[in-house]
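Just so we're aligned: the sequence shown equals residues -28 to -1, 1 to 175 in mature numbering (1 follows the signal peptide of the UniProt record, and there is no 0).
Careful, some of the hints might be misleading.
[Claimed, not checked] Here are the simulated SDA-like cross-link-like pairs (lysine to any residue), alpha carbons at most 25 Å apart as the crow flies:
1) Lys46 - Glu104
2) Lys46 - Pro150
3) Lys46 - His119
4) Lys46 - Arg61
5) Lys46 - Ser111
6) Lys46 - Asp129
7) Lys46 - Gly175
8) Lys46 - Pro75
9) Lys46 - Gly171
10) Lys46 - Pro65
11) Lys46 - Gln114
12) Lys46 - Gly153
13) Lys46 - Gly77
14) Lys46 - Ala162
15) Lys46 - Thr138
16) Lys46 - Tyr79
17) Lys46 - Ala144
18) Lys46 - Asn122
19) Lys46 - Thr73
20) Lys46 - Gly143
21) Lys46 - Glu92
22) Lys46 - Arg123
23) Lys46 - Thr169
24) Lys46 - Gly103
25) Lys46 - Asp113
26) Lys46 - Pro115
27) Lys46 - Ile124
28) Lys46 - Val154
29) Lys46 - His62
30) Lys46 - Thr141
[Stated by the list, open to error] Derived CB-CB ranges, DEER-like:
31) Glu104 - Ala48: 32 to 40 Å
32) Ala144 - His119: 28 to 36 Å
33) Ala42 - Gly137: 12 to 20 Å
34) Ala59 - Glu92: 28 to 36 Å
35) Ala48 - Asp113: 14 to 22 Å
36) Glu173 - Gln130: 27 to 35 Å
37) Asn122 - Ala48: 18 to 26 Å
Derived by calculation from the structure, the hints in this document are not laboratory data. For every residue, glycine included, the Cβ atom is placed at its ideal position computed from N, Cα and C.
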Amino acid sequence: MKRPAPAARSAVFLAGLLLTLPACSSGAEPGTETPAPVETATVTVSETVTPTTVSESSTAESPTTGEVSAFGRKIADLAQVDPAPYASRHIFPQQPGFQFTGPDGTYCEVYGQPEGVVEEVAAMCTHSGEGEINAVSVSGDQPATTHHVNRIFAPRDQTRILQPGTRLTAGAVACGVPEDGVAVTCALGAHGFTVSTQGVETG
């Protein structure tokens, strides 16, 4: 048999080398398909924060740092009187608290602190109710009630009148007479009453 010349053998070798180079350069074995490149997308998510405004409402609170009753609001803007001339000791040296009459003759006693026979801060006024009921009062943290007082409970000649448009305050309790009225309103914390010779309202 006739062998190919050396130059022909070199040409055949180079042709085979050129055919294998693409497979080697891609890192894949001959006969294996090269996967197509995968496209990646970057997604940017932006958050919008909307500021929230919180409004605070201010409310006036009672001397007990809680609610203010409707009775308290009735007399809150009245002019404050000096309570000293209304002190009960001017009439009875041993009697604590204060006393006054409303424009229509309603008699009231106010106790700004427990003293003597008075066990709690309180306000009490005359009220002609059914049967033996002769008074209305508010004390402690309880709603006002009507009841019977078993003692002399009436004004004296020296008892002063609390004029319309004024308010007497003793500690946490206050009583006043509106500018255009004759009824007495007393308030203690979240409770109180309004009383006149025409009737009574409690709460």
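Status of the hints after comparison with the structure:
Between the alpha carbons of Lys46 and Glu104 the distance comes to roughly 29 Å, so the proposed pair goes past 25 Å and is violated. For the suggested pair Lys46 and Pro150, the alpha carbons sit about 7 Å apart, so the restraint of at most 25 Å is met. For the given pair, Lys46 sits about 24 Å from His119 by alpha-carbon distance, which is consistent with the 25 Å threshold. Distance restraint check for Lys46 and Arg61: the Cα-Cα separation of roughly 29 Å exceeds the 25 Å cut-off, and the hinted pair is therefore not satisfied.
Between Lys46 and Ser111 the alpha-carbon distance is near 18 Å, which keeps this suggested pair within the 25 Å criterion. For the hint linking Lys46 to Asp129, the alpha-carbon distance of about 29 Å lies beyond 25 Å, and the restraint is violated. In summary, the hint linking Lys46 to Gly175 is supported, as the alpha carbons are separated by about 13 Å, within the 25 Å threshold. Between Lys46 and Pro75, the direct Cα distance comes to roughly 17 Å. Compliance with the 25 Å bound is thereby established for this hinted pair.
Between Lys46 and Gly171, the direct Cα distance comes to roughly 17 Å. Compliance with the 25 Å bound is thereby established for this hinted pair. Distance check on the hinted pair: Lys46 and Pro65 sit about 32 Å apart at the alpha-carbon level, beyond 25 Å; violated. Between the alpha carbons of Lys46 and Gln114 the distance comes to roughly 19 Å, so the proposed pair stays at or under 25 Å and holds. Annotation: proposed proximity of Lys46 to Gly153 holds, straight-line Cα distance about 11 Å (limit 25 Å).
At most 25 Å may separate the alpha-carbon atoms for a hinted pair to count; Lys46 and Gly77 meet this at roughly 20 Å. The hinted pair formed by Lys46 and Ala162 meets the criterion: a straight-line CA distance of about 13 Å does not exceed 25 Å. Distance hint between Lys46 and Thr138 is fulfilled; the C-alpha atoms sit about 11 Å from each other, no more than 25 Å. For a cut-off of 25 Å, the pair hint linking Lys46 to Tyr79 stands: about 19 Å separates their Cα positions.
Taking the CA atoms of Lys46 and Ala144, the gap is about 16 Å. The hint holds against a cut of 25 Å. At most 25 Å may separate the alpha-carbon atoms for a hinted pair to count; Lys46 and Asn122 exceed this at roughly 30 Å. At most 25 Å may separate the alpha-carbon atoms for a hinted pair to count; Lys46 and Thr73 meet this at roughly 18 Å. The straight-line distance between the Cα atoms of Lys46 and Gly143 is roughly 18 Å, inside the 25 Å bound, and the hint therefore holds.
Distance hint between Lys46 and Glu92 is fulfilled; the C-alpha atoms sit about 23 Å from each other, no more than 25 Å. A C-alpha spacing of about 30 Å is found between Lys46 and Arg123, which places the hinted pair above 25 Å, so the restraint is violated. This hinted pair checks out: Lys46 and Thr169 have alpha carbons roughly 19 Å apart, not beyond 25 Å. Only pairs whose Cα atoms come within 25 Å are accepted, and Lys46 paired with Gly103 is rejected, the gap being roughly 30 Å.
The suggested pairing of Lys46 with Asp113 holds, with an alpha-carbon distance near 19 Å, which does not exceed 25 Å. Taking the CA atoms of Lys46 and Pro115, the gap is about 17 Å. The hint holds against a cut of 25 Å. This hinted pair does not check out: Lys46 and Ile124 have alpha carbons roughly 29 Å apart, beyond 25 Å. Simply put, Lys46 and Val154 have alpha-carbon atoms about 13 Å apart, close enough for the 25 Å limit, and the pair holds.
For the hint linking Lys46 to His62, the alpha-carbon distance of about 29 Å lies beyond 25 Å, and the restraint is violated. The straight-line distance between the Cα atoms of Lys46 and Thr141 is roughly 14 Å, inside the 25 Å bound, and the hint therefore holds. Judged by the Cβ atoms, the range 32 to 40 Å given for Glu104 and Ala48 holds: they are separated by roughly 34 Å. As the Cβ distance of Ala144 to His119 is approximately 21 Å, the hint placing it in 28 to 36 Å is violated.
A hinted range of 12 to 20 Å holds for the C-beta pair Ala42 and Gly137, which are about 19 Å apart. Taken as a hint, the range 28 to 36 Å is violated for the pair Ala59 and Glu92, whose Cβ atoms sit roughly 19 Å apart. The hint said 14 to 22 Å for the Cβ distance between Ala48 and Asp113, and at roughly 19 Å that hint holds. Restraint check, Glu173 to Gln130: a C-beta distance of roughly 29 Å satisfies the suggested window 27 to 35 Å.
With their beta carbons about 34 Å apart, Asn122 and Ala48 fall outside the hinted range of 18 to 26 Å.
Consistency note: the structure conflicts with the earlier hints numbered 1, 4, 6, 10, 18, 22, 24, 27, 29, 32, 34 and 37.
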